[in-house]
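Protein chains in written order, with this note's numbering: chain A, 1 to 242; chain B, 1001 to 1853.
Calculated from the structure, these hints are not laboratory results. Take these hints with a grain of salt, some might be off.
Straight-line alpha carbon distances no greater than 20 Å define the calculated EDC-like cross-link-like pairs of lysine to aspartate or glutamate that follow [stated by the list, open to error]: (1) A/Lys79 <-> B/Glu1757; (2) B/Lys1843 <-> A/Asp70; (3) A/Lys88 <-> A/Asp31; (4) B/Lys1843 <-> A/Glu80; (5) A/Lys79 <-> B/Asp1845; (6) A/Lys88 <-> A/Asp78; (7) A/Lys161 <-> A/Asp70.
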Amino acid sequence: MEVAAHVVDARKVYGEGTTAEVVALDGVTLDLEKGRFGAIMGPSGSGKSTLMHCMAGLDSLTEGSAWIGDVELGSLTDKELTILRRDKVGFVFQAFNLVPTLTAAENIDLPVRIAGHEPDAAWRDQVIEILDLGDRLTHRPSEMSGGQQQRVAAARALARKPDIVFADEPSGNLDTTSAHELLSFLRRAVDEFGQTIVMVTHDPAAASYADRVVFLRDGLPVAELADPDANQVLDQIKQLEA
Amino acid sequence: MLTISLRNLWEHKLRSFLLGGAIVTGVAFVVAAFVFTDSLRAGFTSVFQSAFAAVDIQVTPIQPEDLNEFNFELPTIPEDVADELLAIDGVEAVSPQIQGFVILEPLEGELPGFGPPTFGVAWEGGPSAFEVVDGRAPETDLEVLLDAATLEERELAIGDTIRVATAGAFEEYEIVGELGFAFGDIGFGPTFVGLEFERAQELLGMDGEVSNFGVTVVPGEDVDRVNADINAALDGVGEAITSQSAAEQSAEDLQEGLGFFNTFLLIFAGISLVTGSFVVYNAFRVVVAQRTRELGLLRVLGATRAELLRMVLTEAVIVGVVASLIGAVFGIAAAAFIRWVIEFSGVGSLPDSGLVVEFDTLVIGLVVGTTTAALSALIPAFRATGISPMAALRDQVEVKRASRWWLWTGLGLTTASVVAVVLATMQARDTAGAVQGNVDPIQLAGIGALGLFVGLFLLARALARPVIAGLGRPLRRLTSVIARENARRTPRRTATTAASLMIGLGLVATVAILSTSVEDTILEAVEEAFTGDAIVQPTGFNVFSGFSTEVGDRVETLPEVDRVARLTYLPITDASGIPNVAVGIEPDTIDLAINFEDVEGSWSDVVGDGLALQRIEADNTGLGIGDEVTLDIIGAGERTFVVRAIFDIGGGVSDSQSWYINYETVREINDQTTDNSLIVAAAEGVDPDALVEAINAELEDFAGVTATNIAQLIEQIRQPLLALTGMIAGLLFLSVIVAVVGIVLTLYLAVNERTREIGLVRAIGMTRPQVRQMVRWEAILIALYGAVLGLAIGIFLGWGLTVTTIGEGSSLTIPWSWVVAGFFGSGIAGVLASLLPANQAAKLDVLRAIAYE
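One chain only, chain B, in its complex shape:
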């Protein structure tokens, strides 16, 4: 029996190859995902190991427990801890290190402080991850080291000057050398600027403090033992970690940032395996049907049904194993390719560690591929082997009336899913949530979405004939008319083939619509909530760092400016225990600061211990006017406030800034002279662009404080969202590739089945190019069918999920360019998929085709 299986596969090499193709794609994605991640982990670990090689142990400050994302101060450790460390047995040398945020002068056309963070670093002798690779170390206040990448990007050389700032004004520094760091240039990582040690302490506000210590251990001493001793000695002041653990930890952290690649690949592995299993299922149905007589003969000769079943399944398993192995090879190659793309496209340069192929990866790939193949072949095999020996040997195989369970199931499921999604949107719109009791609308919509995919997949068989007739209506040429009828004659096969495109495009369209709609909704809300003509904010990495009140004083004096509302932030842990800020506002400029609505109480009472609360927070906490609330102010302890006003923010914005207190109160508490944001109203007749220009000219010597108007603000918000667009394009491309494999196989099988028919039309005068055209049109129609279903699902779910997640006031944006691209891209995919089968059909020998039995 095994001989028969093997011979069958060998006799139909091309068919077996294509059959495997579907599995190959899926396994390749799985293997690529694991190989890519494993390689990354190994690469980063080795990079960080060498980075920390100069240091055996790192001593860092204890992370404060109330570390707040709004309280962005890097923790420090006293300088004199070094003496304590040197006293510990086994410690060879200790090097204090400093790290803090600085800002380099902006490049042409960029705002200061944008992009990855820039760290000012300094170290004093001893072991360090940093070194001077060219030039000399900075010796005076206004000397710096820049890393090679920054020098190259800015076309600077040693001896040139560059303007650098911390929170205050820019100052001009001379570049005296090149900074090297042992972990090389990791591309997407931070920029480092080397400073003179005491200057760095002063600039970064670390008087008598440092960021960490690098420690080396006397050769021969046990590093772990010394590490433990340091930890014991530094109880509460700092903590020590060996470089080995630090390297592993850092690699792990960095890799998490790239984890989305992994998710991305695994999603595609899933999609291609599901669609791949349709392909295998289709193929085995046809293959088994063609071999019905052979199976019947074997039964007459005494083979049991179980034996035949085993034979067919053996074929599937062989295909699965071979395809998985090939897929694994492709997957490893794909992992290498992804790396190359990341480096080539400039996203970043990854550590070169070679590809790490774990044994587990191969096992997973093999199991997944083989199981998919075997399971997909199970139903057709079971059905075909159930045939009676005599029926199989008779010329015409009796066709059993197909059961129509799928039609009713599909119809029911689709209807139920549509209803579920619509209900979810209604419930999301109705803020009272009374429509369906306590069901979470997002969950309901999610279940509806899943159901819709399954339901339409089943229904796709019934829709194939009418939809393809509609799509093919404009076709007039004979070859395309025959192609249309060919695509319609086996609706089940057409449907399963189109399913891969349907699923792929459906997901992509849903994500595209949802993301653009969410984006637009946010932007509209921003526009509505924004009351001023311009906003002055710190830009860049640490938007919560604040800036001198001098900025506001100077802006106020400009002739282009009418009024200025000052906002200052106070880091707190709010009533729900969540890190947050209390915003200090001046009651007389509140109308400029916030576009508030429906005020209960009065803003003018928000003085002293008075507090204003956004209504959503009031609802959450149950606080009302006159109630007392205690806030834990970071660095200043608890303080009790009285609720004096409750309000909504226009445009339905409910951001995290819910707590408002008086500006003067904040001053009193933190004794600082910084503002966090200024809202500026233009003087009569000054347009927003001129206003922003005037303010920025005035603030030229303040680093990292910039005025923007609403148009520019929206542009800033939109920028990072563009990355998402690229990802959607990638998804679209991949789903099309998977679909092409399926279409190739289906058409190849169809051509094989229709050998006689093609022979007949060739005999009566159809030319080879016409035959090719016929197959090509069939492919196009199948692809477009999948595209239509997918886009229909996508648009519906895009709408449903947008309304459900955003609720009332969502703005639905359908990116029609994507939809059109998806539709025509699918058509092109169809053309590509048809190349091989069309050639196969055109090459058929007419006489053989007529004589074919």
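Next comes chain A alone, as it looks inside the complex:
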């Protein structure tokens, strides 16, 4: 199976050489396959967010290599990384996902317009329809609910048909219903449009939407589940904590 992104022997150390040295990633090797919905789980401090940041080109590794497609991120300049993120990667963050002064439609088009391109209208309309955002397009973020805001963020992440979408606790700030709606959409994007999504979460219910769940502890992958339901995830977590 084709790989959308992968890391080899990834190590990330904060405050290296000081007494406060923290090893966030301790030699992780991981492949993320194309066209699949992956989840990375783990307790606080397990390194899951760091792993995502390093794989997405937001942060650099101390040792090892991170790849998106066949591009090695460590070899890129800041400008090349920025353009790579713009053209190949989509992001959904836990909070503060939208530019408050822009309308929903403008937020969705943001990465395309930053690149100086015109949005692909057909694809964009399709995304907007599935996300049920049609009547919200002229609204500003302050006029939308949290769930609606996250759906706009998801639409933005997909608007450029990126190689891979990184979602950092996308449902972390949402109520159960909104979370379900958002995650179902992410699921559909993978199933119906062949998108690749990787999500970092600590919520077993959220993880159950994924095809594959990787568990991290102390900066290392320690377990993996395929097509799990929430209970299986919960069991796995208990097992790891025991």
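We have chain A; now place chain B onto it with these hints.
What follows is chain B alone, placed relative to chain A:
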């Protein structure tokens, strides 16, 4: 608590620095103003002290009480007073001195006698402020000394010749030496020409008289005592003053001439402190809002509201004190810089005395800066500390619905001010003055102007969103669209930031429009009032000195000339007790002399004791046809005239020359053979330039009498007004500098506030140059917003004040080049202001920005 204050300031060094920047600018202007003036005073005093060092006491003629600006004769004192002086106990030596106006041959392309006055001087032995530094003293009639600056300017050397004249014809003189004077070359001062003593007396019409005496006192004698004795002895003939007092007095006088620099700097100190206080106010609002949780925590821990208030204010005071000290240093440097500019630009060379920094100057700077900082921080501090402890600790700070008093106040004030200005113009137009009773229209317009600035400042918040949307409409690029929305999202902050430009540009535009309009109105009036084709006048320093009637005789004979109207002036004290002149006219050339209208009575009756009066003067004095009026003629006593004609002057000119009598009457009274001005009508088919050329060729050997036509006359009037243009440019530049400081600070705060947002767009692919662009556009839009408001105020007030001050017949001239320069200059200022904050934004670490809390 003080620890917290200090630590806060230290933690946010850059922010504190910028916060202080606003205060620094204001204090710098204040300190510069005082240091500059104090240094000038000290410098001139020491210069004049050394100038008069050779002389202990100066004896000058008593100034005549009826000294008249139209009667420009320098007072004199009899030569033989010297013997009286020598007889006084303690007097060592007495040196008679002569000073009077002379004219040097004009430089290429200049009219004779223009520029600073030229004095012919002479002294006889003894103590003097003058000396021969090279060559020898003049010994015969046609020998002169020139000062070094004049020699250099004219590229002359000892042995060369130069043409010099008094009222009569030029004569050729040989330069026999260089004249030095103890007060050195003060650049903008007069030129001195050294003459042989008796020749000077003859030339300047001082037979047996001199201008003053320099006196030295026997060493060891009390100068003040001798001075008093001289004054007692010379009762009524002359007066004595010690060189020390004279030096102080002269320095004071000279410095007054440069006083406008002081005013200029203080105005700017005011503007920058007002705008600086907006900046501080803005900054503290943001700073305090960001620290709401910290303040809440301190309250939970038991700090009282008063303590928190004190803490925030302490920060403001520390910033104020430090910034004032830095501002004082900049101010002293600025004073030095201004000096340098004055010397470098050739305005003049100032005495080198070092910089005088009075203790008072520093105290004033410190008090002004600190008070401004503390007062501006007061409202935000008061508001923020009023928050309840729990609300502050909760994640989201509840936003109180903002009161909208400012909108209504602003709207009301702006409307009222506009109405006031419009009423003032209507009243000024309506000469009957019936519109608003007895309110002075200029006062009304002035109050309106002030109100408009305050009103629009308040209203600027409400206008920010629509105006910036309009300004940003042509913008298409994403970064500029985001910038536009950013500028619109905090209208209050945008408005206060733009206010500094608004005030600066508003004032500058008002002054620019008013001055050009007044200038144009005057010129138009001159054009309309001028009936002849050319005017022959004395040029230069003493336009009232008159010239020989021979000039008129010779002009009349020229084939290019049709007719000549002669005017001669008689110095008088008029019916209102004001020094003035009565103009002598010939009734048969009156149509050429004055463009009069609406004559009541008849010009042909203005003979003998007949008098014609301008209508405005008739209205003032209540005189009518047939009434008698007594004029006090200087040098000839009182004389009674009968009003025979009352008239208006075309073009609405109402100059000071209101009294007209017959030419022959003047001759009879003063027994002189001088005219003061000739109005010439060209012969058929002769154009004005050819006419002027012919007359000037004929008058070549008459110094300081020149023919000009209307075009040249207007050019002459316009010249000095150019200096004003330079000053306006300076004002514009300074107001832009002040505004830049404000924009820098506001953007820096905005970038800080939007850290997460910038992180987000960076994460999803915005490059650093794009981020910079985004901040730059915001700065440009804020600056242009200020510019638009300022220029709108300026154009409106320029119109209002022009009409109000000039009234009916004013010609409004809007100098569009200034307006355009102001607009685009503001945009450029915005770009400059954005450099630092844009870099700050571009450098943000994406991950930190996302994780920012």
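Cross-check of the supplied hints:
With a C-alpha separation of about 19 Å, the suggested pair A/Lys79 and B/Glu1757 falls inside the 20 Å cut-off, and the hint holds. Our distance criterion of 20 Å between C-alpha atoms is broken by B/Lys1843 and A/Asp70, whose separation comes to about 29 Å. Among the hinted pairs, A/Lys88 with A/Asp31 is consistent with the structure: their alpha-carbon atoms are about 17 Å apart, no more than 20 Å. Using a Cα cut-off of 20 Å, the hinted pair B/Lys1843 and A/Glu80 holds, with the two alpha carbons roughly 16 Å apart.
Between A/Lys79 and B/Asp1845 the CA atoms are separated by roughly 13 Å; this keeps the pair inside 20 Å, and the hint holds. Distance check on the hinted pair: A/Lys88 and A/Asp78 sit about 15 Å apart at the alpha-carbon level, within 20 Å; holds. With a C-alpha separation of about 18 Å, the suggested pairing of A/Lys161 with A/Asp70 holds against the 20 Å cut-off.
When held up to the earlier numbered hints, the structure conflicts with hint 2 and nothing else.
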